[in-house]
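Chemist: When we follow this note's numbering, the leftmost residue of the sequence shown carries the number 10, and every step to the right adds one.
Please keep in mind that the hints were generated in silico from the structure rather than gathered at the bench.
Careful: at least some of the hints might be erroneous.
Here are the computed lysine-lysine pairs in the DSS-like style, where the Cα-Cα straight-line distance is at most 27 Å [stated by the list, open to error]: (1) 83 x 13; (2) 83 x 22; (3) 20 x 51; (4) 83 x 51; (5) 51 x 22; (6) 51 x 13; (7) 83 x 20.
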Amino acid sequence: MNLKDVQRVLKAKILVGEEFMDRPVETCCGSDLMSDVLAFTKCNTLLCTGLTNIQVIRTAGITDLCGIIIVRGKLPSPDFLSFAREVDMPVLSTDLTLFEACGLLYVAGLRGCSQGKGGCGL
10 MNLKDVQRVL KAKILVGEEF MDRPVETCCG SDLMSDVLAF TKCNTLLCTG LTNIQVIRTA
70 GITDLCGIII VRGKLPSPDF LSFAREVDMP VLSTDLTLFE ACGLLYVAGL RGCSQGKGGC
130 GL
């Protein structure tokens, strides 16, 4: 699966990073706790979250996430989107809840961090 597939499944709008929609997505993490994202994600993990603060972008960069889905139709601030653009982090938005977005991605074949292959090759 890649980010374009995710966009289609979630009927998401691309906010930043249209040029990265071919990025592979190996696993998914649904969380508003950035400490859990730091502890449990692998490379090429997609983050689904309701948070729209700059710390989300910083966490995504540290953990080599492939992209961020903002749920519940929230729109991040211009500063958030500018920073995401600066660090080449794709950001999409969906009107779905966190539960619905993760469920649809699971049905489409994407697995959670504990089940997916993921890995940074370090």
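Chemist: Does each hint hold? Answer for all of them.
Modeler: These are the hints, each one checked on the structure:
1. With a C-alpha separation of about 20 Å, the suggested pair residue 83 and residue 13 falls inside the 27 Å cut-off, and the hint holds.
2. For the hint pairing residue 83 with residue 22, the CA-to-CA distance comes to about 11 Å; that is within 27 Å, so the pair holds.
3. Straight-line distance between C-alpha atoms of residue 20 and residue 51 comes to about 25 Å, which keeps the hinted pair within the 27 Å bound.
4. For the hint pairing residue 83 with residue 51, the CA-to-CA distance comes to about 25 Å; that is within 27 Å, so the pair holds.
5. Of the pairs offered as hints, the one joining residue 51 and residue 22 holds, with about 24 Å between alpha carbons and a cut-off of 27 Å not exceeded.
6. A distance of roughly 20 Å separates the Cα atoms of residue 51 and residue 13; the hinted pair therefore holds under the 27 Å criterion.
7. Restraint check for residue 83 and residue 20: satisfied, since their Cα atoms lie roughly 14 Å apart, inside the 27 Å limit.
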